[in-house]
Amino acid sequence: MARITAGVASSHIPALGVAIDLAKGDEPYWKPALAGYDWTRAWEAEQKPDVVILVYNDHASAFDMKIIPTFAIGCGEEYAPADEGWGPRKVPVVEGHPDLAWHIAQSLILDEFDMTIINEMDVDHGLTVPLSLMFGQPEAWPCKVIPLAVNVVTYPPPSGNRCWALGEGIARAVASFPEDLNVQVWGTGGMSHQLQGERAGLINKEWDNRFLDRLEGGTQELRHIPHIEYLRETGSEGIEMVMWLIMRGALGKTTRTLHRHYHVPASNTAVGHIVLEPVQE
Amino acid sequence: MTGPRDIHTYLAEFEDIPGTRVFTAARARQGYHLNQFAMSLMKAENRERWKADEVAYLDEWKLTSEQKAAVLARDYTRLLDLGGNIYFLSKVFSTDGQSFLQAVSTMSGMSLEDYSAMMIAGGRSPEGQRSRKERR
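Line by line, the protein sequences are chains A and B. For the first sequence, the numbering used here assigns the number 1 to the initial residue and increments by one for each residue that follows. For the second sequence, the numbering used here assigns the number 1 to the initial residue and increments by one for each residue that follows.
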């Protein structure tokens, strides 16, 4: 049977991708932001996941204002890096896992989550930057990826509670897939940042760290944080952290932290990263 | 369930956050053509046409005259007020060769140097920036 062995959360700041692509990682500005991923790259090389279910948001790349799905799952065979206005990132094409993805999509719909199914799309920095952070710069990505796109741009995005519940649904779906697969769930985006208006540049280290604290253990407090709290405390783009709760929900009742990293700033944003494993009851 | 069940309360709270325009349905409607214009710059051939003649390119889109003027002036704060969304507007500043840090700093009313220095020093504090009404 397929099994979820770990959860990873990380910011997906486009500038981190640029720093990696242009080999700026040793510059004093980028070094401390990127150093927190060294542990994870070594760990991933040992873990060798077969599939990553990668929760992210599209930043006006595959989806424009024509169609705004709340939860969309990629069931395609492959996804090319998107041209976000400066040409596509020179990173490998992302290979999907259509069999598992379709299985999850069907299971979730039967489980009363009204999923949008995507067979063809390009994937932007929201998805490719975490892959670079966790896997470095290989010729080909070392695992299959199932993109799970969440609308966190046009209000209202889904509630934290709904995201957590979706994660629980994903866990049930993965557990009923007959093939023996090592599956990780990644939640990306955040942490505190505001990319607009006079309040641009807002960072809330305290709040971010309390959020990281509560991803570990058995507390379910995070699922009840309302949108307005993310907006007031973590900036308008901090709302992306609801996507981390899909990852957390997928790990079951209790988790243990294997690795944690926090650094301000990368561009306009607080870099947050955590690696969790589910604790078997 | 979490969050307010009343849509009016839910939306009204957003207006209490200083210096922030939440991308609500009302803004999404107001900015529809503006954001779709910006989106079109994801294609290399459109970027070339845009760079060759910005005014002519804009005239192909159903933007208001205010939106057109704000695009030509790269007045991002004004564009937010006119329904623009930062991820769509990013196609415009990326085409100009600007980073998020450069473009975002223009909205903060600070120079790029001061804004970058503030970020390196830990970012803008949330103190006094959470709520107009409650002054916290």
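Hints listed in this document are in silico derivations from the structure and should not be mistaken for laboratory results. Note that this is a predicted model, so its numbers are computed, not measured. Every residue, glycine too, gets a C-beta built ideally from N, C-alpha and C. Misleading hints may appear alongside valid ones.
[Unchecked claim] In silico BS3-like pairs for lysine-lysine, Cα to Cα no more than 30 Å straight-line:
| no. | chain 1 | residue 1 | chain 2 | residue 2 |
| --- | --- | --- | --- | --- |
| 1 | B | Lys62 | A | Lys66 |
| 2 | A | Lys253 | A | Lys48 |
| 3 | B | Lys43 | B | Lys62 |
| 4 | B | Lys133 | A | Lys66 |
| 5 | A | Lys31 | A | Lys48 |
| 6 | A | Lys205 | A | Lys253 |
| 7 | B | Lys43 | A | Lys24 |
| 8 | A | Lys205 | B | Lys62 |
| 9 | A | Lys90 | B | Lys62 |
| 10 | A | Lys90 | B | Lys133 |
[Claimed, not checked] Example chain B residues on the side facing chain A (calculated, C-beta under 8 Å, incomplete):
| no. | residue |
| --- | --- |
| 11 | Phe100 |
| 12 | Gly122 |
| 13 | Gly123 |
| 14 | Gln129 |
Structure-based check of all given hints:
{"no.": "1", "hint": "Lys62(B) to Lys66(A)", "in the structure": "holds, 15 Å"}
{"no.": "2", "hint": "Lys253(A) to Lys48(A)", "in the structure": "holds, 24 Å"}
{"no.": "3", "hint": "Lys43(B) to Lys62(B)", "in the structure": "holds, 19 Å"}
{"no.": "4", "hint": "Lys133(B) to Lys66(A)", "in the structure": "violated, 36 Å"}
{"no.": "5", "hint": "Lys31(A) to Lys48(A)", "in the structure": "holds, 25 Å"}
{"no.": "6", "hint": "Lys205(A) to Lys253(A)", "in the structure": "holds, 26 Å"}
{"no.": "7", "hint": "Lys43(B) to Lys24(A)", "in the structure": "holds, 27 Å"}
{"no.": "8", "hint": "Lys205(A) to Lys62(B)", "in the structure": "violated, 42 Å"}
{"no.": "9", "hint": "Lys90(A) to Lys62(B)", "in the structure": "violated, 34 Å"}
{"no.": "10", "hint": "Lys90(A) to Lys133(B)", "in the structure": "violated, 47 Å"}
{"no.": "11", "hint": "Phe100", "in the structure": "holds, 6 Å"}
{"no.": "12", "hint": "Gly122", "in the structure": "holds, 5 Å"}
{"no.": "13", "hint": "Gly123", "in the structure": "holds, 3 Å"}
{"no.": "14", "hint": "Gln129", "in the structure": "holds, 5 Å"}
Checked against the numbered hints given earlier, the structure breaks hints 4, 8, 9, 10 and satisfies all the rest.
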